[in-house]
Each structure stands twice: as structure tokens, then as C-alpha cells.
Amino acid sequence: MSLLGYDFVQNAILAGVIIAIVAGLVGRFVVLRNMSFAVHGIAEVGFTGTAAAVFFGFDAVLGLLAGALLASIGIGTLGVRLRDRDVAIGSVLAFGLGLGVLFLTLDSRYASQAFSILFGTITGVRRQDVILLLVLGLATVAALAAISRPLTFASVDPEVAEARGVPVRLLSIGFLLILAIAVAEAIQVVGVLLVLTLLITPAASAQKLSVRPLVATLLAVAIALACTMGGILLGLFTPYPTSFFVATLSFAVYLLSRALGPLLAGRERALAPPSR
Amino acid sequence: MSELAIRIENSTLMLGERLIWADLSLALKAGDFLAVIGPNGAGKTSLLKVLLGMRLASGIVEVLGRTPRRGDVRIGYVPQRGELDQDVPLRARDLVALGVDGTRWGFGRGGADTRRRVEEALTAVGARALADVAVGRLSGGEQQRLRIAQALVGDPRLLLCDEPLLSLDLHHQREVVDLLQGWSERTGGTVVFVTHDINPVLAFTDRVLAVAGGRWAQGTPDEVLTTAAMTELYGSQVDVLRVHGRVLVVAEAMEPLGDHHGHAHEPVVRPRP
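Line by line, the protein sequences give chains A and B. Under the numbering used here, the first residue of the first sequence carries the number 43, and numbering increases by one thereafter. Under the numbering used here, the first residue of the second sequence carries the number 4, and numbering increases by one thereafter.
Don't read these hints as lab results, they were simulated from the structure. Some hints could be false.
As the list claims (entries may be wrong) - Between beta-carbon pairs, the in silico distance windows are:
no.	chain 1	residue 1	chain 2	residue 2	range
1	A	I215	B	E20	29 to 39 Å
2	A	L176	B	D172	51 to 61 Å
3	A	A294	B	N202	30 to 40 Å
4	B	W108	A	P304	34 to 44 Å
5	A	S133	B	R21	28 to 38 Å
Every residue, glycine too, gets a C-beta built ideally from N, C-alpha and C.
Same shape as in the complex, but just chain B (with noise of 0.2 Å):
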């Protein structure tokens, strides 16, 4: 496909006072896997809310050949949060349902047609048998699991997930990871990864953005995560090291910048109505 899956030129986003980032320009083919990285607060999950429509910057942004607008098919969103309320009176598939017909008005319940695309998403995520639990009684694992399934019921060409490795121990970690990339191989469909650690998706990340107090650095990732490149965008001396192929990232006198609790100065904004 020659359509660009995300095209920014020229974007500056301000949230308050406060630049995210200035001069963002990044060109994402379809089927590419974006990793987005940096410390909290950086701007990573407002990059996401950008895509979205649901946040607006200035300068060009098209996504899948559009100006963002809320409730596009065509994107996933996997979120970020942490597990869902013990008491949410709803089944796995329930839960997943409600990436068909969530935002469907009118009486009557799903049709055949919806039964089958849950399970179908419910099986592609390996989550099959669990779609009569409740669940707020699966483990965090399976509801990560369960948010991508009710992101890929929708048939989307472009998922974006805000940090869907967090608190998930690292045999869930891949698991997510190789669904993602299977997804992303079986349909050639675009991937946006937030994360706070690019390893876990290294093997097949394309392209990296990493985002860090205003600026910005793009690329992939043999071109970003360098240390000359690092060290550009956090205006201080950053050692990226590789060892038994995965990236350390290193900052004199601070934490490992691939730790997130390292930079929680800027808490994520996060609105909940």
C-alpha cells in the first residue's frame, strides 16, 4: 500500500503552558511497528490522544490518509490503566462485545454476526475459554489480553497501545508482544507502541520515536537508540550500550532512563469522567 498509515509534518503540541513537542515530523508505512519511547510525562500517551482526535496539535497530522476525528473504525486503541474493578458485571465476552457494538444506539443485542467476531477475537488472543468469566476475575495478564481482543474485534488497521506491558510479568510480556506481531503480519495492519522499554519489541520494531522533555528523535532504531542521538535529545550525556542484544540506555547521575519510575516528575495526564 502506498497510503501513509500516520503522517505528521511540521506538528507542535502545547498541553497548557507546557511544549510537548515542536517541529514533530514522522512518516509511518503501513504494517510498520512503531515504538514509542521516553520518560513519563514526555508526551508519549499524548501522541496517542493526538491520533485520536481526542487531543489537537498544530501542523499537519493524517492518519490512515485522514485528519484524526474521533471514532474511527479503522484504529484500536488499547489503553492504559490498570486492572478493571473486581466487581465489573460483565463477561470476557461481553467485555470484547463491546468493541462491535459499544457504541451502537437502540434496543436488541448483538446478532449472530457479533457473536463471531468475539469469538473469533477471543481465540486469536488465546483468551477463548475465558468468555464466560467475569472479568474483573481474571489476572492482569488476561485483561490485557482481553482490551486487545475487544481492539481487534473491530477489524482496525491502525492499534495504538498505551504501555500494554505494564505490570505484566515477562512471560505475559510476550505473549502480548508475538499477538501484536502476528496481528501485524497476518493483516498488515499498523502497530503504535508506547512503552517505557523498547526491548520486549526490539526484534521487529521499524521505526522508534523517543520523546524526552520537548524534543524529539526519530528513526529506526539502529539510528535512534545510539548514544550520540540520545545524548542530543536529552542535552546531557546519555551511553546507549548493547548487550546479548538488548539496549541499555544510561544517564550519567541518574537512573536508567528505561526505568519508569525513574522520571514520574510529570504525572501522565489521564481525564476520567
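Here chain A stands alone, though its shape is the one from the complex (with noise of 0.2 Å):
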């Protein structure tokens, strides 16, 4: 394997199995919550973040992380309720392609980074860009742990957790920004507009195959980092993009999973004598 031997080749597959664990675990509460558009709008003012700090002159990845930070700041406050909750999404959201427009008219020199940040670079990665992958994606992956049970009680079931002392509108905002930095991390990869591909396919996928919770989270990692690597490899070796494999990839799982999920659950259910 020559191509292992280039840096481009070795930092694209460091940073896609990094983003693969973040993702499929992330991607699990974002499934249980209900959340695919929070992601949508989080990574469309991360666009925004990048465009502003290119023009201005600072790190496009730093850009980026500042945008969905501020963007889930702003989904938290605004829509405190489920019902706010995609009105405040939908507003920042366009809010923050507006300005991404206007930087991109500012300066042309963005045009052709912003195709990338829209639709992923992996093998435009840098090794300084691998390290604060990794270091923010422990630290994702370290603070979810911590709230997982809380932030399972409170979203399966607000109100009784809220009466059991569960900070639901803390987690709530808490798990925004954890969900803001998975965000600017899928988007190496797979680009602004593709997030959902690597945030939301693999734990759909996962939910439909088990209903163990751990079973159904490493399920939703082994997808993630299955569809990364194969989109990865696929695009080394051939003239397509490589998010256009991580897509297709996650979705054929995805149809998969739908058609055998019924199956596998019907067996679960068979499996448990009549209540009664």
C-alpha cells in the first residue's frame, strides 16, 4: 500500500476514524432527540464561521468550530421549547447563510474554499488539523459519557426526569455544544452539506437493527467509521468525491437496516411470551 505512505493519504484516515466515533455516538441522542435540523442549521452557520474568518483572515477551521458554537448558543436560547425549537433553527439559519453570501461576494478568492467546506475535503486535512480533531473529539466523547444517563431520562422522558431533579434545560443547551463541535468535525469530511450522512444515517441505521443501547451505540460507531473509511478508500481510488461514497455508502446501510429492522425486532418481541 504506496498510498499509505503519503501524509494526505495518513491524516485523512486518522481524521475519518476519529470522526467516525464521534459521530455515531453523537449521532445516537441526536436520533433519540429528534434533532436532524438543529444539525442542518449548526452546520450551515459553521459555512458562515468559515467564510467570516477567511475573509478575515483567521483559520478556517477555528472559523468554523465558532460558528456552530455560536449557532447552538443561539438554537438554545431562542427555542427553549420543542415547538420554538425549529422556528429559532430555520431564523439562525438563514440569518447565517445571508452573511455567507455576503463574505463569498466580498472576497473571490473564497469561492473555491467554499466549495470545499460545503462539500468536504478530507484529503485537504492537515496534520495540525488532525490533533485538534483529536482533542476535541475526547473531549466530545468525554462529556457525553458524563451526561448520557441524564440526557437519555430527559429525553425519552422530560417531564418525569424534570420532577426527578435532571437539569433538562441545562443538558439541553449542554448537549447543543457537544453537538456543535461533532458538527465542524463531520464537516472535514463530509462538507457542510452532508453532515446528516455521518450525524444521522449510522444511528438511524443502528437504532433499527437493536434495541440494546449499547449494542445499538457501537453499532452506530462501527457504521460511521464502515461508511467513512469506504468513502475514504473509494475516493483515493477513483476521480469521485469522497463524500459522494460516505452518502451512498450510509444510505445503502441505512436501507438495509430498514428492511431488515422489522425482522430482527419482530424476533425480539416474539421471543417474550404474551404479557398475559
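Taking the hints as your guide, dock the two standalone chains into a single complex.
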């Protein structure tokens, strides 16, 4: 494998592994809390952050992170209740994109970079980016592990959780921040427009395949890893873009689990004797 | 036990501009079964929120000897709601386990002790066989039993149930009621049972609190479920009939008050973050 000798290939694979693990873990809660639209909104404002950073001469990745974090804080503050949330996301997203277009017009150098942020450039990841991804990834996973039980409680059963003393509101904002970092990471592989392919599809597929929380979580990570690695390798050996392959692979897995899921779930239900 | 499970004295609750109750006084001994009745929006759920420390009422309110506060492990809560989402990626045992460690931060999974308590709670509600089934695939009655198991697994001394019989058929209503009464008898635990129909729990209700239009009446079932008391509470002629051991509350020119379809003019406010 002479390809592995190249720095950019090593960086791409390392980044892919880190991002897939983070996306699989965070994705479980994205699906559980039904937050696909929030993911999309955070990603688009991440785009604005990148555009602003490039325009003002800062590091693009830092701009991306700042944009994503600001978006998640905005969504968390504006949309406290579920019904307000989608409206808040829509408003934040639209404003963010508007700003992005402005920066794009102000600086023509930015056009090609915009394309790579929108659709992903895993092969453009530098070693210093990998280190940043690793540090952020570890922090995200640690934070998620620390709050996973109360977050599950608050997601499934907010009313009882609140009565039992779980800080539902705080967890909601905490998770948005975790999500912002995960989105910023995933954008490096698949780009702004395709983040859902890593942050939703693997976890949604895993959930169809097993109802056991631990098994489903591990499956989500495994699926995200397989799709990312498969996408990167196919991207290296063909002239077609990595994000296309990642999205296609994860969609294929999703269709497969939708087909297989009812069979497996039916078996689980059948194993239990009827309740009466 | 001499300690009162619930002590409310001269308490007033306003929701915005609306008076829910004024000067409410209520004392509940440990082991008592209190049925809270009244039309929708009269403040039945608000009473539970006050007892849970999620809403503030004036006057003296004490639960198990303390001012109500969120997260009191001695209180189990079975909320009012429809069925759980079909896609909830949890098994029955996971849902019940949240009653033990759902508030706990940090790494690691529930240990052997958690597992044992969950099994016990599942067995107590007759749902042992459902332990590994996805909650979304269970019927309304099965889910309701799981919610009770989740409330009981923390070994509470007071159980607050908000319309736990809603949308259950008669058979399942019976099952849930027997379950709660059995628990109360076995452990000496106190039950506050919010319901629009008192009949399923009439046989072992120690006290009744009726709330309607900012007014209230309380006492033993024989004291409260009378034509005189109900007429005073509603401020218009209300007849209470006893037929075959069941109570029928009939108001003139109204649908029967026991019917929850009748009084939907004030929706119950349920915050869902």
C-alpha cells in the first residue's frame, strides 16, 4: 500500500476514524432527540463562520468551530420549547447563510474554499487539524459519556426527568454545544451539506437493528467508521468525491437496516411470551 | 407513623391571572389513598406539580415532612401522557432503570444492584416477561405498567399518579389499580391519584379532593361525594347518585361531570421542553 505512505492519506484516515467515532456516538442522541434540523442549522452557520474567518484572515477551522458553537447557543437560547425550536433554527440558519453569501461576494478568493467547505475535503486535512480533531473528539466523547444517562432520561421522558431533579434545560444546551463540535468535525469529511449522512444515518440505522442501548451505540460507531473509511478509500482510488461515497454507503446501510430491522425486532418481541 | 405524608394549610395557587385554589387545607396520613377529582383544567395536575416542587403555591405545603423540592427520591411520579414514541430506542428494562440511575452523572453502566432492583420492579408490575422488548412496541397498558415500575423502582414513600387509567380498557384499568393498591398495602406507601372518574378506585379511596372552578372540597368519599357537597362546589345543582356501588355525578344541563370529554374548555398545561 504505497498510498499509505503519503501524509495526506494518513491524515485523512486518522481524521476519518476520529470523526466517525464522534459522529456515531453523538448521532444516537441526535436521533433520540429528533434534532436533524438542528444539525443542519448548526452546519450552515458553521459555513458562515468559515467564510468570515477566511475573509478576516483567521484559520478556517477555527471559524467553522466558532460559527457552529454560536449557532448552537443561539438555537438553545431562542428555542427552549420543542415547538419553538424548529422556528428558531430556521431563523438562525437563514441569517447565517445570508452572512455567508455576503462574505463570499466580498472576497472572490473564497469561492473555491467555499466549495470544499460545502462538500468536504478530507484529503485537505493537515496534521495540525488531525490533532485538533483528536483533542475536540476526546472532549466531546468524555462530556457525552458524563451526561449520557440524565440526557437519555431527559430525552425520553422530560416530564419525569424534571420532577426527579434532572436539569433538563441545562442538558439541552450542553448537548447543543457537544453537537456543535461534532458537526464541525463531521464537516471536515463530508462538508456542510452532507453532515447528516454521518450524524443521523449511522445512528438511525443502528437503532433499527438493535434496541439494546449499548449494542445500538457500538453499531452506530461501526457503521459510521465503515462508511467513512469506505468513502475515503473509494475517493482515493477513483476520480469521484469522497463525500459522495460516504453518503451513498450510509444510505445503503440505512435502507438495508430498514429492511432487516422489522425482522430482528419481530424476533425480539416474539421471544418474550405474551404479557397475559 | 405519626408523620403526615402531605400537609397543606391555607394554600393558594394562581396560574397567571387564574385562581386554581384558595385557602386549600389537606392532611394525608402515611398509607392513605387520595383521589383527586374534577374537570379538566381545574388544577388536578397543578396539585401534583406543587407536591413535586415544580410549581410554587402560597401557604404551608409539606411533603413527607419537608418543603417540596425537585428530585426528592422519596416521591415516585407517574405523569399523564399518551403512548411513548414508537421509535424510542430503549427496552422495557432500560426505561425502568432510568428510575434508579437516570439522574446519575458519569461513566459506567448500572451494576448488579440496579439490575436486581429493575427485575424486582418489573416483576411487581407483572412485566417481567417484557423486560427485553422495545418500549415502543408495547401496548398502552403495558407502557403504563412500566411507568409505574419506573416510579416504584426508586422505593418511594409517596406515589403521585396523574390519570394513570387514561386510555386503558377496563381490564387494564383494573390491573393498574390493583397494582397501586397492593403496593400501598405492602409498603405503607401513600398514593395521590388524579382521575376524572373515581369509580375504579372508590373501594379503597381514603380521602377525596374535588377541585372545580377555583373551589375545592375534601374529606372521606362519603363526605365529599354527596349532592350537597358537590352542589356547593360547583355552585349549581349537582346530583350524586349511587348505583350498584358506583358513583354517578350528574349536573343539570351538563354532561356527566365524570366524563372527561365534557370539560375541555381549559386545557391542562403540560410544559414539554
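Okay, the hints, checked on the actual structure:
1. A:I215 with B:E20: 29 to 39 Å: For A:I215 and B:E20 the Cβ distance comes to about 31 Å; the hint holds.
2. A:L176 with B:D172: 51 to 61 Å: About 56 Å separates the Cβ atoms of A:L176 and B:D172, which means 51 to 61 Å holds.
3. A:A294 with B:N202: 30 to 40 Å: violated, 56 Å
4. B:W108 with A:P304: 34 to 44 Å: The hinted range 34 to 44 Å holds for B:W108 and A:P304, with Cβ atoms some 36 Å apart.
5. A:S133 with B:R21: 28 to 38 Å: holds, 32 Å
The structure is inconsistent with hint 3 alone, although it conforms to all the rest.
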